[in-house]
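Enquirer: Each chain, letter by letter, is given below.
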Amino acid sequence: MAPRSLLDKVWDAHTVRELPSGQTQLFIGLHLIHEVTSPQAFAALRESGLRVRHPHLTFATVDHIIPTDSQSRPLSDPMAEAMLVELERNTEKSGIRFFGPQSGHQGIVHVIGPELGLTQPGMTIACGDSHTSTHGAFGAVAFGIGTSQVRDVLATQCLAVARPKVRRIEVTGKLAGGVYAKDVILTVIRRLGVKGGIGYAYEYAGAAIEAMTLEERMTVCNMSIEGGARVGYVNPDDATFAYLRGRELAPRGAAFERAVAWWRSMASDRGAAYADRVSYDGAGIGPTVTFGINPGQALGVDERIPRLSEVADEERPALAEALAFMGLRAGDPIAGAKIDVAFIGSCTNGRISDLREAARVARRGKVAPGVRTFVVPGSQAVQRQAEAEGLPEIFRSAGFDWREPGCSMCLAMNPDRLVGRELCASSSNRNFKGRQGSPTGRTLLMSPAMVAAAAIHGRVVDVREVL
Amino acid sequence: MGGEPVRRVSGCGCVLRGDDIDTDRIIPARYLRAITFDGLGEFAFIDDRKQAKGNHPLDDDRFRGASILIVGRNFGCGSSREHAPQALARAGFRAFVGESFAEIFFGNCVALGLPAVTLPRAELVRLMESVELDPRQELVLDLARGTLASRAGTQSVTLPDGARRQLLEGSYDATAVLLEAGDAIEATAERLPYVGGFAR
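Residue numbers (our numbering), protein chains in the order written: chain A, 1 to 467; chain B, 1001 to 1200.
Everything labelled a hint here was simulated from the structure, so no lab data went into it.
Nothing here was measured: the structure is a model prediction, and the numbers come from that model.
Where is the CB? At the ideal position from N, CA and C, for every residue including glycine.
Please note that the accuracy of each hint is not assured.
[As the list claims (entries may be wrong)] Here are the computed distance ranges between Cβ atoms for each label pair:
| no. | chain 1 | residue 1 | chain 2 | residue 2 | range |
| --- | --- | --- | --- | --- | --- |
| 1 | A | S48 | B | G1197 | 26 to 32 Å |
| 2 | A | E88 | B | K1050 | 32 to 38 Å |
| 3 | A | R277 | B | R1145 | 37 to 43 Å |
| 4 | B | Q1051 | A | E88 | 36 to 42 Å |
| 5 | A | R245 | B | A1052 | 41 to 47 Å |
| 6 | A | L467 | B | E1190 | 49 to 55 Å |
| 7 | B | R1062 | A | R277 | 44 to 50 Å |
| 8 | A | S309 | B | R1017 | 20 to 26 Å |
| 9 | B | R1126 | A | F325 | 37 to 43 Å |
| 10 | B | E1138 | A | T172 | 31 to 37 Å |
| 11 | B | H1056 | A | A330 | 47 to 53 Å |
| 12 | B | L1133 | A | R421 | 33 to 39 Å |
| 13 | B | V1125 | A | D332 | 31 to 37 Å |
Could you build the full structure based on these sequences and the hints that come with them?
Expert: Laid out in structure tokens, this is it:
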């Protein structure tokens, strides 16, 4: 057989049949659900008299609406409580395992899948959330779906989807100190654009990617969708298998050894054909910050905000809109921008290694007067690990607010939100207008270490000068 | 299940200029605090509209009652929330014409029987200008022919074959189609070693 990419191998293995529409009926090996995009899907299922076909392949948690000051019931927001109750009811009636606040495993859906060992190489994974691409870090084909498709998976364990093309993105060399996975993916999106990935799966490779831990690979794959690519993945390797060994819901013993052999066989073959290839020098990437209203509007922290005359004609309206909304001046450096809020967390950067890096910076100072802070672990497991390492004390003594796990201020569906035109240094994934809960609130995306540094200085600084 | 075939959408257009308009702007996250899609229509673009103080296309009297929303490049990027097309459908839109659409948004539209067709930039600009000049004109989107007729002429629109067939046949509500595979679903599962926990 001709050499194949991981995408093609996984796709072929999960193809139930080709549909008359030309799409594939793709079997979904792992379905993750949460409180926001599933209730209407369960309702549609009930209306059509259908049941959940494979309840043991779906897992649920509550993350978007959960408050981060207290998870005690009933939740302070009655609508949030109603959504949680609805999820409890739907999962219980269907026989779906639910990792709720009392389970000890609650957290952001894309954080708990991997940490429980549910996310494995070679799988197809779907979830009603665009950041499902995160799971591609393990060599799974994982993508976000809408609520009608959540219903499809519940009813049939399948989706009708078109096979994407594959673009191989190599990041060569070694990243410099103070440069993180977040800077790599922001750079990729900046170069390829926010719509460059439409129709593509991104295969990340090269020495800089291979040297990354699984948590770092998750950060990269997580933001594939911000580049327009619904799927992003890294081929599984020994680091992947080492991460999975001993995880609660991963295979054990002889089954684990059989799993490793299969997982290894699913990696892209040498000589596989790609629809496109690009390569970037990892050593040339510096700490990166967004300045606009989409994640492609990014800069090196030592660069200046572009002038309208410096960009292509077709980029000008978007740049003008971004500058007007952000209140930033073309030609100014992004370093020095005064911040009001600092948010460390999210499915992009809410894992233990992110908190460790932020704590390293937090040790070196105190939060600047007037800056509100949120440090939100991605899951209860991350929270426990952070507590075991003494991270909450480090954050608290530096003046940071240490919170309970959830999505929090990434999208502000819970009480954590910006007020008015506040400017937020954020380790999350989207700087869209109004994303962090205030219609006029403004977001600068950056790595967790950069956020911690900005909190301490009260303005955007180059973390390399702080470390 | 399956839905009514969608062969033709006609009505007035509404021109919403701008690229990379994300689903948070179409429907901000705070309106996702609900367990149904009911009542979302009035909140479509709510924050943009407030900031535009009545000057937003969705509040423009000239475009009142429009059924075709004309947008720019990469419309519907970001969050997978189906609340975005649900809100726009409830605000009266039954089709979208743009330079390009984000993938998840596009899939959500098809699942709801809402065509999202594309035109090259120059053609799109011609259409936008024509509708802005004469907003009460009737646009006719014909999916079988792959055309959009307006005072700007009859333009060829692009819609991927799969989506086009699903809309024309009324098979866009995928659950029924997927169920037809029957036992082939479980046969596929049996071939995947992980579904059985790598027991053999």
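Enquirer: Output the indices of the hints that this structure fails to meet, ascending.
Expert: The structure conflicts with hints 5, 9, 10, 11, although it agrees with all the remaining ones.
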